[in-house]
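Chains as they are written, first to last, in this note's numbering: chain A, 1 to 114; chain B, 115 to 227.
Any given hint could turn out to be false.
[Claimed, not checked] Estimated spans, in silico, between C-beta atoms of each pair:
hint, chain 1, residue 1, chain 2, residue 2, range
1, A, Gln22, B, Gln226, 32 to 40 angstroms
2, B, Ala207, A, Leu114, 34 to 42 angstroms
3, A, Glu86, B, Gly173, 36 to 44 angstroms
Quick caveat, the hints were computed from the structure, so don't treat them as lab data. Where a beta carbon is used, it is the ideal one built from N, C-alpha and C, also for glycine.
Listed below are the residues making up each chain.
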Amino acid sequence: SAVISQKPSRDICQRGTSLTIQCQVDSQVTMMFWYRQQPGQSLTLIATANQGSEATYESGFVIDKFPISRPNLTFSTLTVSNMSPEDSSIYLCSVDEVGTGELFFGEGSRLTVL
Amino acid sequence: QKEVEQDPGPLSVPEGAIVSLNCTYSNSAFQYFMWYRQYSRKGPELLMYTYSSGNKEDGRFTAQVDKSSKYISLFIRDSQPSDSATYLCAMSASGGGADGLTFGKGTHLIIQP
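Whenever a hint applies, use it, and build me the whole structure from the sequences.
Below is the structure:
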């Protein structure tokens, strides 16, 4: 399975600032996704990161708040913009290597907004 | 009614016991069913992947799907302290990518030495 590295692993940020999370995969993958995991809640899909085109966002998530880049088949970034304490969460990068829905996840980026 | 229901626990059992973890769902279109294990401060790790109804066994783990009852289970035999983690069920109708993949909230499992 693909090895997925995320940076930063954790960060503490001030309200109103933005943070960019990086996801690096050790092999080329077509499907890459960003999830949010809030305490006591289900994993929630934010968007599908599309290589060479704009990301596809799920209901409730918008590009201005969560801009995503996908410059190639091994790398993506998620930015959490104008952060508020409600954005405190774990953000996870995941890939579907073979297109069957078997997702592999990074270690996650734990974000705390004060 | 939520699409996928999963008891959050915690579920605490002694080492060596058989553990049963369960999810119920409401969407009859779901055909692909997964179990993920998530250790504290780690990302989820795929444990089992099954299609449609029936059983699938992998070592000490058995996944069971009963589509008629909209009920899935994960059994862990000879449980070990290293099995202590949160177990997430997930399911989808299409089986491809993350589109339509719905997760349960996870059950926190504690195996007591």
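Hints, verified against the model:
1. Gln22/A / Gln226/B: 32 to 40 angstroms: holds, 39 angstroms
2. Ala207/B / Leu114/A: 34 to 42 angstroms: holds, 40 angstroms
3. Glu86/A / Gly173/B: 36 to 44 angstroms: holds, 41 angstroms
Against the hints set out earlier in the document, no violation occurs for any number.
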